[in-house]
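Guided by the hints, dock chains Y, F and H onto chain Z, whose structure is given.
Number of protein chains: 4
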Amino acid sequence: MIIVMKKDATPEDVAHVVERLESIDSQAHISEGRFRTVIGALGDRVRIQQLPWEAMPGVERAVPVLKPFKFVSRDFQEDDTVIETRGVSIGGGTFTAIAGPCAVEDRDLLFRAAEAVKKAGATVLRGDAFKPRTSPYSFQGLGEAGLEMLAEAREEFDMPFVAEILDPRDIELVSSYADILRVGTRNMSNYPLLTEVGRQPKPVMLKRGFTATIEEWLNAAEYIYKEGNHEILMVERGIRTFETAARNTLDITAVPILKGLSHLPVIVDPSHAAGHRYLVAPLARTSVAAGADGFMVDVHPDPELAKVDGAQALLPEEFAELMDSIRRLVAALGPQE
Amino acid sequence: MIIVMKKDATPEDVAHVVERLESIDSQAHISEGRFRTVIGALGDRVRIQQLPWEAMPGVERAVPVLKPFKFVSRDFQEDDTVIETRGVSIGGGTFTAIAGPCAVEDRDLLFRAAEAVKKAGATVLRGDAFKPRTSPYSFQGLGEAGLEMLAEAREEFDMPFVAEILDPRDIELVSSYADILRVGTRNMSNYPLLTEVGRQPKPVMLKRGFTATIEEWLNAAEYIYKEGNHEILMVERGIRTFETAARNTLDITAVPILKGLSHLPVIVDPSHAAGHRYLVAPLARTSVAAGADGFMVDVHPDPELAKVDGAQALLPEEFAELMDSIRRLVAALGPQE
Amino acid sequence: MIIVMKKDATPEDVAHVVERLESIDSQAHISEGRFRTVIGALGDRVRIQQLPWEAMPGVERAVPVLKPFKFVSRDFQEDDTVIETRGVSIGGGTFTAIAGPCAVEDRDLLFRAAEAVKKAGATVLRGDAFKPRTSPYSFQGLGEAGLEMLAEAREEFDMPFVAEILDPRDIELVSSYADILRVGTRNMSNYPLLTEVGRQPKPVMLKRGFTATIEEWLNAAEYIYKEGNHEILMVERGIRTFETAARNTLDITAVPILKGLSHLPVIVDPSHAAGHRYLVAPLARTSVAAGADGFMVDVHPDPELAKVDGAQALLPEEFAELMDSIRRLVAALGPQE
Amino acid sequence: MIIVMKKDATPEDVAHVVERLESIDSQAHISEGRFRTVIGALGDRVRIQQLPWEAMPGVERAVPVLKPFKFVSRDFQEDDTVIETRGVSIGGGTFTAIAGPCAVEDRDLLFRAAEAVKKAGATVLRGDAFKPRTSPYSFQGLGEAGLEMLAEAREEFDMPFVAEILDPRDIELVSSYADILRVGTRNMSNYPLLTEVGRQPKPVMLKRGFTATIEEWLNAAEYIYKEGNHEILMVERGIRTFETAARNTLDITAVPILKGLSHLPVIVDPSHAAGHRYLVAPLARTSVAAGADGFMVDVHPDPELAKVDGAQALLPEEFAELMDSIRRLVAALGPQE
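Residue numbers (our numbering), protein chains in the order written: chain Z, 432 to 768; chain Y, 432 to 768; chain F, 432 to 768; chain H, 432 to 768.
Be careful, since some hints might not be right.
Because identical chains cannot be distinguished in the list, a pair is counted as satisfied if it fits within a single copy or across any two copies.
To be verified - With a cut-off of at most 27 Å between alpha-carbon atoms, the simulated DSS-like pairs for lysine-lysine come out as follows: (1) 501 <-> 657; (2) 549 <-> 438; (3) 498 <-> 657; (4) 657 <-> 438; (5) 498 <-> 437.
These are calculated hints, taken from the structure and not from any lab test.
Predicted, not measured: the structure shown is a model, and the values here were computed from it.
Here chain Z stands alone, though its shape is the one from the complex:
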């Protein structure tokens, strides 16, 4: 931590900061400039970052040198985390395609979608039984019945599936069905939920809050990791900006940033970022180019019947074409180091 004192800070103010540092077994390195005194704080990061430096007299601001997260950082683990589920590996140099309907609406539509994405080369199925909706009057998902259909589709098409978890009270239920649990963008800072998914055994997909910084997102992953669950997939799905031509702005730069800061696999969700079908394929292709470990897209056999996000779902034939170009791109870039 670097503590910048105000222009008019007194020697007592400086002494007080030093004293507080020493009280937590940290050291103070003082640099006196012409206009400002700067105090470098050396010691235990967590203890230092917890004290309210900016509440102390004479302090202008406190700038952290180290990130607040530990276990999810590359500093802590250099090698990529690889997640295994029912024979599928995610991360560590592979590129994984995850696809399926946004929500489970009925058995037939789900099975048609699952069959199509499997055939085109997807190895993980998506489909939700619980949906967080902006309006209370929108379809909220089929609940356990939806999970059952997903489990049947898993057997039929031999693909693990990922499903959203909204409520800490549903942990046992969802964890007993799904192969991967997903924490959605609206719940990235729902700490009770993060804690619960950290305590169950299935891998967790953590979507970026659409207004979360990358640092906040890694802090959310740290919540899960520190409870004992180390199998976390980070999903970039677009952030909220002033631009309204797409639903959100896909932050493709987050991919290489995250690969630098963390050992966790990074997946891109172009469907929810774009909100419009015609944008999904080009954005999906950028995920390969940016170095992501995979992508996740909405595919629906009849988007007009979709109860959630039909406007962004690819048709099965569009998805098959996309997969062709994805394979060519993956081959062109060769194994990622």
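Leaving out everything else, chains Y, F and H in the frame of chain Z:
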């Protein structure tokens, strides 16, 4: 809903949209312009807004004419909602000061804060027993012990108190102690939590998500309202923007916008918006000028000992001064019509 | 400047940074932490801030301790700048009302507006002869003919006027007519224009770019100041955010931040921030509460005839009512220290 | 245009809007819903969009059906615009690499950069003689001397060059040297400058304002086009968001959106978006994947000596490696339809 067709939409595309509208007992008004055909949809708003118009062939975009929320709108109830709790009225022309420490740390600090804010003119006490923290290594609150201290302070100083609820599993606990439950900015889109607070009897303070639009915020209020709880206070606490000089950007414009759209009382929280003590008093004063029904600020007898947000807490004497100027401003503007 | 080295920076990397610092007569204070080495750079701020520290091997990031602007800061001049023009003082404890039509459309409409705002208590007239418009097909202003009408209105109603300057080639023309030149939000980073207004003798109103940070805005003021023109008024007029309910989000927090960082007067323009008439009066009132030195609003006798921004113009009677409440608020707060 | 009336709009309000529409030879289609009356306006887009509908009594809002720009839209010209300069074609299915130093600092550094980028496969040289800098104390460019060096490099390495134009007074100068003129991000809404570049004969590269919507950006291109210059290249270079891990957020989604809306070529500048060298190559690769017509990157033989943006410049060997992967990606995707 207004449905704008693509330039190259076919007569079949138009006919299909009309047919879908008629299938839900709605009417279509067709305007054929030189470059685009536009279809006005007349009928039940909820049914119309649920269909995926943009997934249909030939549709460019669908523009809602009506807002998606109903019960919380001025269209539904013209008169201001007034909330009563232990003899304090909020809304409907009064101006309410809510103050206290951000988090409850110990009995002594809480009581000193409560005494000070009561004396200066606050009528509702704030103080949290559960805190959502960005880092898992930060102080997370005292839990039930904190609620007990708040209940004692309530008796001692004869002030109702508001406290945060984070987890739907804590509803009974928090509701049994607090006079007003607060849903925090990170939980504005936590729909299971919104549903639960909508089913318990205490008034609910709903903070705006720092990345939520005003429309999404009113939708969140609608979740609570439709469960049967009509006593909702809307709290503006700053939004996330590119500006980093303050922690967030207080969206003071949201106050008159909300007063126009909704009958619910609007409170301003300048402390969490600002993040810095020196900004709190001027921002608190803008809440009166903008026509809010009250404000809520952090006050701490010794901010350096605060475990949460010490940098933004007012000292008791600063709060007393602020209250003086607030009273003068309220008097200058006279009763709000 | 504080230079944070990468985790794997070598002693040579550190030595190289120290050498570069010494080559510009600056000193290096080195703190070696467990994970990172941090170098405090002491010396001439401008020389230090110009070197590309982050391009050097082993450097993670460089954090400035001091702001890049000098002359416009309170560090440089403690007392408020007061601007005098034709008997009107702006800044230093007064509160100034600036009003008039957005653009000059014809003599009659201008004179009706000027008469009304003068009568209600405004002391400076606004009205533009050159308008920057998003669409090339929109009305672009009357040019010199508009300036002539403004000069006539100045004589008739005995009020100085402020007018926008768009093009460095028009400097002599606009400066020969207007009492205050305004640089608009789209030109805040138009450095040739800033340089030219810095070289002419009339005071300059510098609107904040709607996407500019407060620091960039003060840097823009520094461009003007360093050319010799010290009479600069800073105008907050809303920033671009994700919220679309108002045209822009008035950043009222910028007022107290700016009063802390700089000695220049701060004016609030609620009209362009709001974009809707019904929001203008409450926002104008917040400018007093936040401690601004004045406000500037659009007033038009017949907004439907306005060629620019009619939707946000106050009617003369609305402006008169607003001025009444402004006077009461100014009296309630008393002289600003 | 669709005009939505307020809930309490009177029949007179509706009649008045209709009358105003008829006064400009447009037609009104009226739909009366249960809660709102909606008026569809049919007629000349420009005339309709100029009237201040939202200033009229009883009008809630006016929603444009058509975009305000015409000539730069795909509606106006279906085929891709292809720009030719000194034997290089940009747009229409090719992929162009533009590279060189951010600013021209001296002849030797420029020539070393030009030689390296030419050898690696770039076909257009970049390098600026005029630089817009946030701080007035930063290096502002070599002016004409820099343009002369660029012209020499053009001859030596047989590559056209692109250079920034900042000031309408420099048009003749820059246009007489450069093969392509660039309007920078800070000047995207500098209308006098747009008008001037529209009147000279060289192609114009128009960078997106870092806070401009795609629609505003196309409006800016329309300013140039309507003056007679139809050779415009659109450059996406990142937008300002709340995320600070990179300098700006590259809006890669803008590429397919723009390809849909307009016939103009789209170039991606990952260097200025990223601000950090390690992010440039992955982002450059996303430009191919997203369907752009080329990319532009900063390359410097010795970034530490760079006077502008050294932290983001690629080394010549890094650029050569990037070009290898770009060629493989272009081949993998095949000719863009």
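Hint check against the structure, violated hint numbers in rising order = Hint 2 contradicted; others consistent.
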